[in-house]
Structures are given as C-alpha cells and as structure tokens.
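Read off the chains here:
There are 2 protein chains.
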Amino acid sequence: MSVAILCIGTELTRGEIVNTNASWLAESLVALGLEVTAIETIADDREIIARTLGRLGAAHDAIVCTGGLGPTTDDITSECVAAVLGVPLERDETSLAEIRERMSRFGRTMAASNEKQADFPRGARVLPNRKGTAPGFSAKIARALSFFMPGVPREMKTMFQEHVAPALSPLVRDALAQVRVKTFGLPESSVNDRLAGIEQQYDVTLGYRAHFPEIEVKVLARRDAPPDARDAARRAADDVIARLGPDVVYAEGDVTFAEALGALLVERDLTLGVAESCTGGLVGNILTERGGASAFFLGGVVSYANSVKTAALGVAPELLARHGAVSAEVARAMADGARRALGVDIALSITGIAGPSGGSADKPVGLVHFAVATERALDDRQMVFPGSREQVRRLAAFAGLSLVRATVRGL
Amino acid sequence: MSVAILCIGTELTRGEIVNTNASWLAESLVALGLEVTAIETIADDREIIARTLGRLGAAHDAIVCTGGLGPTTDDITSECVAAVLGVPLERDETSLAEIRERMSRFGRTMAASNEKQADFPRGARVLPNRKGTAPGFSAKIARALSFFMPGVPREMKTMFQEHVAPALSPLVRDALAQVRVKTFGLPESSVNDRLAGIEQQYDVTLGYRAHFPEIEVKVLARRDAPPDARDAARRAADDVIARLGPDVVYAEGDVTFAEALGALLVERDLTLGVAESCTGGLVGNILTERGGASAFFLGGVVSYANSVKTAALGVAPELLARHGAVSAEVARAMADGARRALGVDIALSITGIAGPSGGSADKPVGLVHFAVATERALDDRQMVFPGSREQVRRLAAFAGLSLVRATVRGL
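As given, the protein sequences belong to chains A and B, one line each in that order. Number 301 in the numbering used here belongs to position 301 of the first sequence; there are no gaps in the numbering. Number 298 in the numbering used here belongs to position 298 of the second sequence; there are no gaps in the numbering.
If we strip away everything but chain A, and leave its shape as in the complex, we get:
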C-alpha cells in the first residue's frame, strides 16, 4: 500500500503558511501501518490539479488530499476531480441542508457561494464534516482510493479520524511496532556510526529525528503478526541503547530531557535551581515546557548583568573583576550562591559567551563555564560550542542539564 498526500492551496506554494497538515497526515498514516511515498503541494490551478491527480492516481494505492473545498472562487478541487473522472458535478441535497442548518446555528445566512460546497463528482461518497461547512468526499482515481478533505486543520483531522482512517486501516496487512530512543550528547554522524549494522541484524528500519540538540532514534519493525513486530523492535532497541550507553540515552518514547531529569530528581527526592547568564532563562524555560516541573524545579536567577550576579547570587565584585564573568571561579560562585539563595539541593550555573560578538582570543564565542553545586560538592566544567548564538545557547542549556543528570546519577 503506497499512499500519496496532496495539499492544494496557493497560500502553501507561496509559503504564507507552514504546511502542518502534511506532517500530521503523514504521521497518522504511518501509525496506521501505511507507507507515504510522496507529499505534494500545489497551487489552486485547474490544469496543475488535474495533471497531478492523474499522475498520483496511476502511481499510488491511495491519495489523501486536503484543501480547495471552501466557498471561494479559488476552491476548485471538486470540479477538478469531476473533470479527471469525466463525470459531472451533482448537488447533494442532504449536504446542502446540513450546510444550511450549520450556518443558521451560528447565526449566518447561506451565501450563494456556500451552495457549491454541496456539489460532488457523480458517484463520490460524501464524508460529513462535523467541524465546519465543507463536506469531504471519496472517489476512485485510476487505481487510487482517494479522499478529499478541507484544509482547515481541525476540520481535516476530525474527518480523517472518523472517515478516512477507518476506510484505510483494513487494507493494511503488515503489523508495525516502533520504539523511540531519545539521546543527547553525540552528533548524528557518531550515533549513525555506532548503530551501523543494526538494520540488517534485526531486519528493522532506523530513523533519526534531530530536534536540536537532541537526536531521537526510531526503531521500526514490520512483521506479519503484532507480537513478532513488537519483539523485533524491542530487541533492536535494546541493542541501540547498549551501543549508545546510558550517558547518551536518557529516555524512551515521548519523554523530554527535562522530564527524564525531573523523574530522576523526584526519585532521589532532590530539588533543582539554576543561575543563568548567557542562556538568559532558556534553562528554566526548557525545564518548565511541560507540566509537572514544580515537583523538582524551584526556580532560578537570570543574572545577565554582573550587578545581578552580585545582588541576587552574592558573587563578590572582586571575583568578577579579577576573573571576568565568564570564568570557572564565577561559575562556581554563581552555583554556590544559587543553591543558598533558592534553597535547593542542586544548583546549576551557566556563564558563557553566546555571541555573535563579545569573544576574544582568550575567551572565544562559544566558551561556556558551568558549575554544579550540591551540599557536598562544587564541580565546574568548561566547554566550547560551535554554531550560532541560538545553537550555543541551546547546547549550553542541554549540556548544563546533562551535567546535573550525571551528578545525580553519580550520587
């Protein structure tokens, strides 16, 4: 079963909006066990739509299409499908009544332009739209079972789940299983090198998804029966984890780095605080992106200016004058000060030069000093990160949290 996704809309080919429908549909189709081999985005143009539908219909088993079902003159998907099939458009009175009823419910009167939303190619099956006025439809184009849905994401998603997925899933024969292994700390090329041969050894597919600076390794197994697929994915994933090691692999599945670290801290009954300089609040932001952070994260000080390092963290002005704000000495004083000021068990400090300016021969852009303070120890580390200001900041934030993770694991 090869499936194509077709997105119709000049707002997409002009780049005015990001096509989130395509990735949502692709992910949903893959989760059903289908293989998406092409995603095409085309303008609202009769000739291009007709030509593309013909080509995709001849090459794929199914087409899932969004867009061009609205009331305006540039919404022409239905008439293009009718033209490709060589059939007329016919008004569906049931759909017309439903559109009229829906509009009156929201206090709107039906414009003439809305009536065409009840026109479908003869022989098409209408797909009701519970979230909006534009019904969808399905039809066979060449060999492809084809589904046409509106482009509005929430209307499309509901229609897909209620009508398209149930029609497609009986066609899938293979069983699929997937394990997602989340990593931080190795570049993608090194991850790839360490995992060489796994695909052949276990007859699985490895996918890499970089969400900078993290890398997720997806292990996908396809077998005849679900238990076999699950077993194969599990065995391959265990080898992936063994080869990358526990310093690099921090979780499986839909768990963020912050959540994995948080679970570790909660397990040990430890609280965390941060003192950020060059990251400016990014570490706190990462820690609180998902709910539940209050179980381990008490807070932080963003000491962007030296005056705040002194006033809020107690860093001695002489230390700042002697070593500079970006130094091991100041990082240590920041972490120690944050642990006391915030009343936490573990405090992380980060002070560095994120760029693009501010670097020197001695202290280049990308240089970052870290310290981790606990009741018993105060350790510092320095690293130099490549890339833009944004990358240096993200790398510094993750590297800092990684130092906290190593500290807690070593306690």
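Keep in mind that the hints are not guaranteed to be accurate.
In this list, chains with the same sequence are indistinguishable; a pair is considered to hold if it fits within one copy or across any two.
Said to hold, decoys possible - Derived lysine-lysine pairs resembling DSSO-like cross-links, with alpha carbons at most 30 Å apart: (1) Lys-157 x Lys-116; (2) Lys-363 x Lys-157; (3) Lys-363 x Lys-140; (4) Lys-363 x Lys-131; (5) Lys-116 x Lys-363.
These are computed hints drawn from the structure, not numbers from a lab. These figures come from a predicted structure and were not determined experimentally.
On the provided structure of chain A, position chain B as indicated by the hints.
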C-alpha cells in the same frame, strides 16, 4: 520561470518533523519574483528520488532541493543526482579539507561517513556551507537549473541566500519591493479585516505570516522599475501601519519584539528586569535571543516555587496564603520585589496557570496576572489566554512585554 521545491527525507514523509524548509523557501522564492508551482516531499529512496528529479527537471525551469546530503547511509541525494545525470561521483579535495578543518576546529575527529559529504556528481558546481559540514551543489537536470542544499534549516538558509538567490535573481525580469510590518496583539482575521481593499488600492500583494503569537504582514509590489516598486510598497505599507495603529505595529523588517522594546528602553535610558512564575524563564529567553540585550536587560528571577517568591523577591508568605500565587496581589509584590532585588528601573511580573492541569472554576487554566513596577507606579492586569500550555506561556510572555512597551511609551 517556474520553480519546483523538492524536499528529500523519510523523516518528512513519515511526518516526524514539520517541513518548515518548504514554506521558507517558497516565501524566499516568491520574494525574488519567482513562481513556485510545485512543492514535493519524498522519502530517501533511490528509485523515487531519481524518478522525481527526472520529472521535475523536464517540467520546470529550476529545482530547489533540500535534504539527503548528510553523512548517514540514508543520505543519498548526491549519488541519485549522479545517476540521473549519468556521471560518476567525484571527491572534491577542497571540500574534504574544509570539512576536516571545520570538524577539528570543534574538537571532533572526522568519521569515515563524513568523507562522502565531499563527493559530488562530476561537473557539478560546489556550493560552500558556512554553517555546517555538508556542502551543496548545483547542476542542470534536463532543462532545470537545480540546486541541492542540506536539510538543516540554518545551513540551508545561509546557502540559499549566499549562493542560490544570487544565481536565480538575474533570471527574473520584474522589479520587486517588499516591506515587512511586524505586529502583535490582533488575531489574523482582525488584521485581515482592517486591511481589506489595500491590495486593489495600491496594486500590491499582502501576505500574512504567523509566527505565533506575532503576525507579520508582507507588502509586496511588482513593477517594471525598482523605484516604482519601492514607492508602491512604501505607500501601501504606510497605509497598513496607519490602519493597524502603533499599539499593534511594533517594527518593520527583521526586528524582533524584544529588539523593538529594547531600542525603546535604551532610548529612554531605562533598565528592565523580570519576575517569572508560569513562564519559567521564557521571557528572559525571548529578551536575550539576539545579542545586545545587555544594554537594557539586567536579569530576572524565575520564582516557580512559592519559597523562591519569598526568598528571592520578598513576597510575604501571608500574601501567598491569603490570595494564592496566581493573584493580582502576588503579581504586584513580585514586580515590586524584582525591581528592588534586581536594581532595575522597570520590573515585569507574570504569574498564572499555564495548564494543562492546575485550573479551577475560580482560576481557570489560561488565567495570568501581570504587574509592571516603576519608581513611580505599580500597575497590574489580568488576562485569560486560550490554547495549550505552550500557547498560554507564549501569549503570556508577549502580553507581559507588551505591557512594558505600553508603560514605557506612556512615560
């Protein structure tokens, strides 16, 4: 000139990442005056890549392609192009040396898998990559001038601007001019309503680009001569700005909200500090995303736990007990405490319920209290934001900074 965009990567056809490259490229090509008629996304599959390149090359004047130039075994774009052209891959020693030099600069040793990034189809022109290890290349495929770039967005964007745009723009005959108007505070439908008629009146195209929660309005004029295009875009943009007003429009061009606010603060010689609870560091992060923030932003306190609100900001425990952490009273005490603790002229505080849990009938998810403290005044405000935890946090951060902007403009 018809241009096709081709994005190669199984992570895209599987929906593992949203294809932001496609919309960025489409927007950039349209800004050059080119028409994008097709955007295709395909898997890392030799046969599909070759077939698609052949078809696009025959139908378009140019192909702009991203992805598949990395070091891993599923990066096969270069060898597919070589196969389509019927030429061998040849190693480019200059590129190899540059990759080696780049990696050693960042303390990494070159893996064998990185070497193939210096292999290009014979006759191709190499496009240097200033931001990463994978160089791109250009070649003629059938009638299409074709450009191959890495899929990593920042590498791709720099390469496009430095090498692809200069090669394509001489082929465009019309003169184009564009003005970007940056806004925050009105929903897209309201922006759209207020700007009705501008396109006809000035013979320009308006494009909307939402970078949540900001909306950028792009005014694009196409004329025979550059001065005419610039003049038309300018006059239309002035009307756009007049219709939306100075509370909504904060800048033109490539200026972030934080930079616009920072310029205003620097102009008035004022320093800013923040006290964040539900935003967890996001406001500090937004303020320091670009360089130059140290001219106005001294720092912040992330008082996620009540104990930190008391210890670092001096919020009285009785106040927290009586009104709860999410209250006007606590927001006021946080802003006032932050102004003193951080030694700043203006302090913003944010305390709210970002969700997904933690809401009640009295204090629903999305409720956020703000306060802005200056030497002379202490004002508070409450808002309720819709959406996910991420959306509530971003809206709260921007709304808070918007209150600071209004305060400074009113001084």
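These are the hints, each one checked on the structure:
For the homomeric pair Lys-157 and Lys-116, the shortest alpha-carbon distance inside one copy (22 Å) is at most 30 Å, but the shortest distance between copies (41 Å) is not. When the C-alpha separation of Lys-363 and Lys-157 is checked against a cutoff of 30 Å, the pair qualifies only between copies, where the shortest distance is 28 Å, while the shortest distance within a copy is 44 Å. Within a single copy, Lys-363 and Lys-140 get their C-alpha atoms no closer than 62 Å, and across copies no closer than 45 Å, so neither meets the 30 Å cut-off. Taking the closest pair of Cα atoms, Lys-363 and Lys-131 come within 30 Å of each other only across two copies (21 Å); inside a single copy the shortest separation is 47 Å, beyond that limit.
Taking identical chains as interchangeable, the C-alpha atoms of Lys-116 and Lys-363 are never at most 30 Å apart, the minima being 58 Å within one chain and 34 Å between chains.
This entry does not satisfy hints 3, 5, going by the numbered hints stated previously.
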